[in-house]
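Chains as they are written, first to last, in this note's numbering: chain A, 1 to 743; chain B, 1001 to 1743.
Hints were generated in silico from the structure; no laboratory data involved.
These numbers were taken from a predicted model, which means no experiment stands behind them.
The beta carbon of each residue, even a glycine, is placed where N, CA and C say it ideally should be.
Check the hints yourself; a few may be wrong.
Calculated pairs, SDA-like style, for lysine to any residue (alpha carbon to alpha carbon, straight line, at most 20 Å) [as the list claims (entries may be wrong)]:
(1) A:K372 <-> B:D1243
(2) A:K245 <-> B:G1248
(3) A:K370 <-> B:G1248
(4) B:K1245 <-> A:K426
(5) A:K372 <-> B:G1248
(6) B:K1245 <-> A:G248
(7) A:K636 <-> A:Y160
(8) A:K426 <-> A:V262
(9) B:K1372 <-> A:G248
Incomplete in silico selection of chain A near chain B, CB under 7 Å [to be verified]:
(10) R158
(11) H162
(12) H174
(13) K245
(14) V249
(15) Q388
What follows is the residue order along each chain.
There are 2 protein chains.
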Amino acid sequence: MTTKVPTIVYTLTDEAPALATYSLLPIVRTFASAAGIKVTLSDISLAGRILAAFPERLSEAQRVADGLNELGELTQDPHANIIKLPNISASVPQLRACVAELQAQGFDIPDLPEEAKTDEEKSAAERYSKILGSAVNPVLRQGNSDRRAPAAVKAFVRKYPHSMGAWSKASRSHADYMNGGDFFSSEQSVTMDKDQTVRIEFVNKAGQVELKKELPLQTGEVLDGMFMSAKALEAFFEQTLQDCKETGVMWSLHVKATMMKVSHPIVFGHAVKVFYREVFEKYGELFDELGVNPNNGMNSVLEKIKTLPQSTQDEIEQAIHDCYEHRPEMAMVDSVKGITNLHVPSDVIVDASMPAMIRNSGQMWGRDGKQKDTKAVMPESTYARIYQEVINFCKTNGAFDPRTMGTVPNVGLMAMKAEEYGSHDKTFELTEDGTMRVVDANGQVLMQHDVEKGDIWRACQTKDAAIRDWVKLAVTRARHSATPAVFWLDADRAHDNELKKKVEAYLQEHDLTGLDIHIMSYNEAIRFSMERMMRGLDTISVTGNVLRDYLTDLFPIMELGTSAKMLSIVPMLAGGGMYETGAGGSAPKHVQQLMEENHLRWDSLGEFLALAVSLEELGIKEGNARAKILAKCLDKATELLLDNGKSPSRKAGELDNRGSHFYLSLYWAQQLAAQTDDADLAAHFAPLAKALAENEQQIVAELNAVQGQSAGLNGYYHVDPAAVEKVMRPSTTLNQTLAALKG
Amino acid sequence: MTTKVPTIVYTLTDEAPALATYSLLPIVRTFASAAGIKVTLSDISLAGRILAAFPERLSEAQRVADGLNELGELTQDPHANIIKLPNISASVPQLRACVAELQAQGFDIPDLPEEAKTDEEKSAAERYSKILGSAVNPVLRQGNSDRRAPAAVKAFVRKYPHSMGAWSKASRSHADYMNGGDFFSSEQSVTMDKDQTVRIEFVNKAGQVELKKELPLQTGEVLDGMFMSAKALEAFFEQTLQDCKETGVMWSLHVKATMMKVSHPIVFGHAVKVFYREVFEKYGELFDELGVNPNNGMNSVLEKIKTLPQSTQDEIEQAIHDCYEHRPEMAMVDSVKGITNLHVPSDVIVDASMPAMIRNSGQMWGRDGKQKDTKAVMPESTYARIYQEVINFCKTNGAFDPRTMGTVPNVGLMAMKAEEYGSHDKTFELTEDGTMRVVDANGQVLMQHDVEKGDIWRACQTKDAAIRDWVKLAVTRARHSATPAVFWLDADRAHDNELKKKVEAYLQEHDLTGLDIHIMSYNEAIRFSMERMMRGLDTISVTGNVLRDYLTDLFPIMELGTSAKMLSIVPMLAGGGMYETGAGGSAPKHVQQLMEENHLRWDSLGEFLALAVSLEELGIKEGNARAKILAKCLDKATELLLDNGKSPSRKAGELDNRGSHFYLSLYWAQQLAAQTDDADLAAHFAPLAKALAENEQQIVAELNAVQGQSAGLNGYYHVDPAAVEKVMRPSTTLNQTLAALKG
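Make a model of the complete structure from these sequences and hints.
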């Protein structure tokens, strides 16, 4: 029991989910208030985070609270209950676009410098670096991760399966990755036997030592060091291109440039430079003058050369076209608009792009808009192998069948910026040849690598407490789900061997009676999971955080057609809980459709599911019986919504996001009115249930009537709340009916 | 100690190995006699077996001893020591050719009837049925099987690796097999709880019961019943052809028609009828009149239509060509001669053809003589899955490297006609719809299958004693080789589940301390073995007999470039031993080259290796110390032979089989003269060693001088011994030097 008002913090993010929030949040507040629960809103949008970073440059009226910072503090509160919607993991181009929009709206924020020289530029660059990429998750995810497909969703898919592209045994598609010279092959790992501060140093050929970073480490903490050779990487890219040219298979690149925001854009940039080798060889100096950054994709070239005389532009564009002549066909992001796989680093994110390819018969789209067999290039081999395993499996056994396949939930090691999640400030692109080393407090070298100019060196840390909690969470999940659990730990990896020792020890702290717990290499684990899945059996994957990201897109996209319908819970180390709705995908195309046709196809199903768990756990933790009833009735309402086909349509003029919110309200209210656990609560909701049912036709008509014409939001990253509220709440009848209950 | 003269029985077989015997056996006898060992020769050639089957039709002078029958009896003798060379597993066309040759030589043996009508024809048909296919092995293999790559051969290959075709990740090659309607999906299995005779019955739709066979079974014996649906089989073939046509991948069929001599020719015949559907639809009746049997391949059509008017022949040939127009490209056995994959059932035997394809970058040869990606069709899925697993592995990891790869020895369940090895007389092609069932002594139905006309039903038996011995042999091999052993038992197979219970029980009869023994499904087992093999690690495969055949070609062909260099031992249940030399391959092309150029490229390495083990075990069992010394020195001689490059060349005018035998004699004599364990033996061989060394140039010159012109054998299946001896022992100097020792 707490003396504070029980509170759920809902997050305002970006794009489609943020727009949907304008419609859904009033409904949520209406229902939650019946249990005395307050639902607050915290702005963690990209625009909001940028504005919060430069208070000194804004007027009093323009200043905003630092929502992310506040939420970060809240994660340490055992009562924290946060519903986290998908947000933009901003790439550099996205960040620039947002900055430009804010500047146009009159906010005096600085540009993101190409190359920071002045102190002011350096300060700006540093603040922006904290906003780039997956900046939100590391702050909020103060615990490990528990993700699974909700039973209702799984049951629905079994009845109404999504399409799965057939696989041919003769498919040429495959995954390709480095066989040396990458992070995997160079990884070293040590576990600290005491608290100490270690130094990450670079020693150049002349023997001069440069301190890169001091790192305070705790007893039992695992520290890894590894590097990717730029030479080996470029040779690998060239070889994949030659191979595609010879075999006639389409070439594609899949990186994780948003989350791995320091290392993967560099990897991406090497691909750009190798694919368009002649262009960069010929115009390299000019590009340097113009500030072209290949790490931002070919878009950067095309943007920067606009300042050149037309004849030079034509010459460069011709040189680019010449590359297409002798290079293999490249997979397109948008063949109509000519957007290639190398256009910007954030278009093709491996987590989502590989499952999409696998669901699409192993094919991607070519320049002619036709789907073709593809080489999926993922330079870093560590986790890329699993995709080749999946591809081989699908070639051999055909596509998975959503009607009969089992499910693979995930327990992910994520807490305290574990593993790659916390590597960004320990990642260095080297500017000369030499040695990278980690030296302990006694001057002892813990690990070292001979590196060359251009190589990417990085360190990862994993705290003992995070690992221990992860093992506990895996055992708990295995127990609750009565499902076998597999720790994915690869004997070929130094890091995993350190973790394996801990896992074996910490498993002994739990009652394992009747549990079926394995430790397997990645290849074994994915094969084991797929063999079971094909036979309708479930298997919990217990993994590190990059694999968590991969698998919680891969399996849901095959099982459910989307990862947005997954339950995603972060049981915080401090005792609170964060309930994430959907995995990624802020859906720019949805926003575009809303602006053009006033139809929002965003499906808030992830929000419904997360809200139910949020209410249930609040009910349990705070002893709030009504919260538990709200949760139970919400789950039933969601099931009814799915079964009655009241999810948003993709087509303007039909039920959209707003309409689905109406039906959720209707079913939720009806369930609450019908339940017998709390008569007062039933009575409270009975009039609402009745009014909504009676006005069904009217409300739906009002919601659909506005569709078919453009809708103004007065912004993209930073919309006008009043304008959006008008767009997202167009049914006066619904608004009034809801308001009536409140009063 | 035995009172009998210690004896090694050497076998006279067919084709190249039989020709080589004329040169090698005199040498073996010369050396063995020094240890008081007699080496007898037993004729188990195809021609010999045919002649032995019809004594009443031959003159006194023409009659031959029934070598196979005598050897069969010898297998029950604990002193048995048999060196078994590769022999022909005759297909029907081969049998007919042999019969024709014998008839031309004046032997009054009957034709193999197309369809036996008279009693005489039926008697002939029955006797021939015992000669067809793998008729020799089931008689001689009175024990389980222990096969491995000799250390000397493995070491040699690591120094001088054979070529391995590179694999492309974009390869379209794959294995295809039925996903239902085959033996795998219908298998039922029961273990007898007492000695009893069961009845295999067919019940037709009218309820009439036909006794197919009475089967006496022992307590603990495992009985399996299964069937392949002819309809499903033909639909599967059609689908594979359509798939190849769509994807542009070449089509090939891989069966085991020699060993699975009843069921697989029928399967092959269905493929012929489906591929050339229009031909058989249009000319079916005519073909029936002509006695065309599609189970004998398209060769049967081409042979039989020769009696027709030229215009009809042309018409049929045109119809055949029309099929090629709309069917996918088919893999060729000999593209120069136009011999397709469907020409005769014995040309493409899966054991050897799949490893050859895998070693050849996953490709086979097309009509234009070029190698191409291929669909390898193996209808019965039971063991076919492992090839898809290998193909996926090679696509993912590239070809195996003979310089670094580990080895996969095999312990095979083979004794007492176990499993498929003894299924031939329990295999039935059904002539009407109905039910096949097995009924026990009490009238209880043990298993039953609904079947249709054309379906192939079969039973397999596996005796408890054979299984128990197999488990013991596996444990012994694992102990001696200090290598992990994997029982390949698939939980999806009824038979394997029965075996698994026994394996688990019988393993407990042995000291397993320090042993690493696993039970895995086929897919798991082959993947596990390949993962280890790639890393240079060895893994013993413990399998049933068809998998034994597959794996002891697959792994040796990858590891050693050939399966002929494997040690292959059958520790007989009765206590004796059989030492097989090489796995299959009687090498018709070798014979052809000998006849054309008087050069025999056959490599007797398998004989050298088997002889060494034969001598060693005779030494141990009979307490013959000299036999052991002979064995040790022979192994050293073989190593020297390999290291000095004295194996046969493929090119006329260079060292051939006969020359390699000379060098073996030289090195063997030198080793014996140099050894110090037995001074008398050393003294005995010293003059021979000296004489052979002194005459090296002269002997090699004599051996090579005869090459380059044709050599007369006066036969192919039944050669003239005097003529062959003249051809195979052309060096007077060598012959005299050897004879000098004897005297």
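Evaluation of the provided hints:
Note on A:K372 and B:D1243: the hinted pairing holds, with a Cα-Cα distance of about 17 Å set against a maximum of 20 Å. Distance restraint check for A:K245 and B:G1248: the Cα-Cα separation of roughly 19 Å lies within the 20 Å cut-off, and the hinted pair is therefore satisfied. Proposed proximity of A:K370 and B:G1248 is supported: the alpha carbons are some 18 Å apart, at most 20 Å. About 54 Å separates the Cα atoms of B:K1245 and A:K426, which puts this hinted pair outside 20 Å; it is violated.
Simply put, A:K372 and B:G1248 have alpha-carbon atoms about 15 Å apart, close enough for the 20 Å limit, and the pair holds. A C-alpha spacing of about 19 Å is found between B:K1245 and A:G248, which places the hinted pair at or below 20 Å, so the restraint holds. With a C-alpha separation of about 18 Å, the suggested pair A:K636 and A:Y160 falls inside the 20 Å cut-off, and the hint holds. For the given pair, A:K426 sits about 9 Å from A:V262 by alpha-carbon distance, which is consistent with the 20 Å threshold.
Between B:K1372 and A:G248, the direct Cα distance comes to roughly 15 Å. Compliance with the 20 Å bound is thereby established for this hinted pair. Interface hint status for A:R158: violated, as the beta-carbon distance to the closest one in chain B is roughly 22 Å, over 7 Å. The interface hint given for A:H162 is violated, since its Cβ lies 23 Å from the closest Cβ of chain B, which is over the 7 Å cut-off. Look at A:H174: its Cβ gets to within about 4 Å of chain B, closer than 7 Å, so that hint holds up.
Checking A:K245 against chain B: minimum C-beta separation of about 11 Å lies over 7 Å; hint violated. Residue-level restraint check for A:V249 holds (minimum Cβ-Cβ distance to chain B is 5 Å; threshold 7 Å). Interface restraint check for A:Q388: the shortest CB-CB distance to chain B comes to about 5 Å, inside 7 Å, so the restraint holds.
Hints 4, 10, 11, 13, counting from the list given before, are not met by this structure.
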